[in-house]
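Protein chains in written order, with our numbering: chain P, 1 to 260; chain R, 1001 to 1329.
Watch out, some of these pointers could steer you wrong.
[To be verified] Here are the simulated DSS-like pairs of lysine-lysine, each with C-alpha atoms no more than 27 Å apart in a straight line:
1) K249(P) with K150(P)
2) K150(P) with K181(P)
3) K1225(R) with K181(P)
4) K181(P) with K101(P)
5) K101(P) with K145(P)
6) K1310(R) with K150(P)
7) K249(P) with K131(P)
8) K101(P) with K150(P)
9) K249(P) with K145(P)
10) K181(P) with K131(P)
11) K1152(R) with K1310(R)
12) K1310(R) with K101(P)
13) K1310(R) with K181(P)
14) K1310(R) with K145(P)
15) K1152(R) with K1225(R)
Since the hints were made in silico from the structure, they are not lab data.
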Amino acid sequence: MATPNHTPAPDEAGIGNRLLQPIDRRLFLRYTGVTAAATGLLLAGCDDDDNNSDSNAVNVGTGDFGVLNYAFALEQLEAAFYTQLRTGSYYTGLGANSAEKQILDDLALHEKIHADFFRAAIPANGGTLIKDLEPDFSSINFNSKDSVLKAAQDFEDLGVAAYNGAGRYLSNPLFLSIAGKIVSVEARHAGLIRDLRAYNTFVANDVVDVFTPTPGSNGPTPFSQGTGTGLERSKTPSEVVAIANNFLKSGSKLNVSGIS
Amino acid sequence: MDLFKIISDIEKVDPEVYERFDTRRRAFKHLTGLGQKLTAAALPGLVGALFNKAYGQGTGSLPADVVAVLNLALQLEYLEYNFYNAGLNTPGLIPASEVAAITTIRNDEAGHIKVLRQALGNQAFSQSDVPVTAFDYTGQGSFPDWNTNTAKYFGVAQSFVDTGVRAYKGGAPILINNKDILQAALNIHSVEARHSSHIRTVRRALASNAVGTIVAADPNDLNNKPKSWISGQDNGGAAPNATPVNTRPVYAAGGVVTVGSTPLPSPAEDNLMHAQFNAQTGSTAPTGLTITPAAASEAFDEPLDAATVKTIARNFRSAAGAALGLFNP
């Protein structure tokens, strides 16, 4: 399966650099009151995202419901993965009381509940649901422990990076709060699946900009003297769907160009 | 006054002017809404305030509610950093198999301290690091063996990290108008959850004299063999009956935080309701599985309001920490 290429961020000289990430001009202009028509023209001129070029793509929409549908899409993918996992010989061969079976059963439940939450909450709050997506797991060998757990790790890490990167696009505090309730569970999953594959990799530099202290005899002085930040490497919606779309059939691939 | 002309001119000397305004989207919304009514006389003052905010980050310009969230986070990071650092400096306390993990966690907390300090600038509650002597890890005598008993040490660690996860979750909505600070906080929050996952994995193994991920959680002994996620209220956590301080409040309900006009409660961790959705009865289990209340509760973590977090954390400050004002209401 495709593996995200992680490019470690350069160490930041100051938080100002990290906290002040680019905003594109069209968003800026929108907030300053440029008319919808002019914004539309700008959007047409700026849309150069290859990942969104599939005319059959599922557009998650705009605004808070665009973000929630984006989350719904990712949860559908995860729920489908853990459900299909249960039919493969890796899972069916696990001992009834084994830690791995307990873990994978829990993950199948949690992800199904997350997907069903969005399926109910989006229309209940006035949004329009995207359709049910058709996953493409042909790159995953469900009879292989290595293949299954590698895929699980990638999905969980991707989910965490996606929620963290999308929170900024929510305007309703309630939705932000609920996204927070879910993402930490995804991070717990990610930590354990990573530990399951390679113990002590619950945090590693591919997913977290790990902090390395300046050497000292009794911990660094000051404590925060060193390189890195200890921050999760969140991903933008377009970065996420470039990966997620590899696991969705034509006609179910995601277009997130409306999230901004 | 032509605002666009001004910004365009600024862009010539500061190409990042648009980026600077991003954290101040609320300020722009405010301006836009008033746009039609502004008089030429009022505009310069508003624009001045706007630019002051855009360029003033870290120099006393963050709103008070944002500062409060970040300063509580910073104090919690010191609580954790010093706890892990003290553990690493206590020979024999942390098993050799876990030294790498605790070092990783300790270092992550140092990174978080760095990030929070840079965001706060001179609005940080203290301009110097908070030393280990500011904390009382016995919890007023409740855990006198925290640094001699390995299982107890990891139990206290779990309680701290789970409090931290809930605190960030409770604080995040307050940051909603400061997008880049929000994103940084979310990127700390998930790392804390990864820590919690691992600490819980370690505790399951320790309880069976094992190492690694081989030990299943025991739903009948969540106090000592927890899952890597919170199940129900975890039967009160690592030390539900310690005295005078126990770990039940870490998983219990807290207070309400109102963001804008939206009240956000802090339900107990066994909560099943999320925006009118019942996570048990509102979902259909995959074939062969059943959604129990425990499973439904595990799928969602819960936030905790600042006041309740501080009440928990004050149990772990020393007299010196109290003198510093750590976790004051």
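To see whether the hints hold, each was checked on the structure:
1. K249(P) with K150(P): 20 Å, holds
2. K150(P) with K181(P): With Cα atoms ~25 Å apart, K150(P) and K181(P) stay inside 27 Å; holds.
3. K1225(R) with K181(P): 23 Å, holds
4. K181(P) with K101(P): Holds, at about 24 Å.
5. K101(P) with K145(P): Since the Cα atoms of K101(P) and K145(P) sit roughly 12 Å apart, the hinted pair holds (cutoff 27 Å).
6. K1310(R) with K150(P): 39 Å, violated
7. K249(P) with K131(P): 13 Å, holds
8. K101(P) with K150(P): This hinted pair holds, its Cα atoms lying about 16 Å apart.
9. K249(P) with K145(P): With a Cα-Cα distance of about 24 Å, the restraint between K249(P) and K145(P) holds, given a limit of 27 Å.
10. K181(P) with K131(P): 24 Å, holds
11. K1152(R) with K1310(R): 22 Å, holds
12. K1310(R) with K101(P): Judged against 27 Å, a Cα distance of about 38 Å means the pair is violated.
13. K1310(R) with K181(P): OK: K1310(R) and K181(P) at ~20 Å, within 27 Å.
14. K1310(R) with K145(P): Between K1310(R) and K145(P) the Cα gap is close to 44 Å, so the pair fails against 27 Å, i.e. violated.
15. K1152(R) with K1225(R): 13 Å, holds
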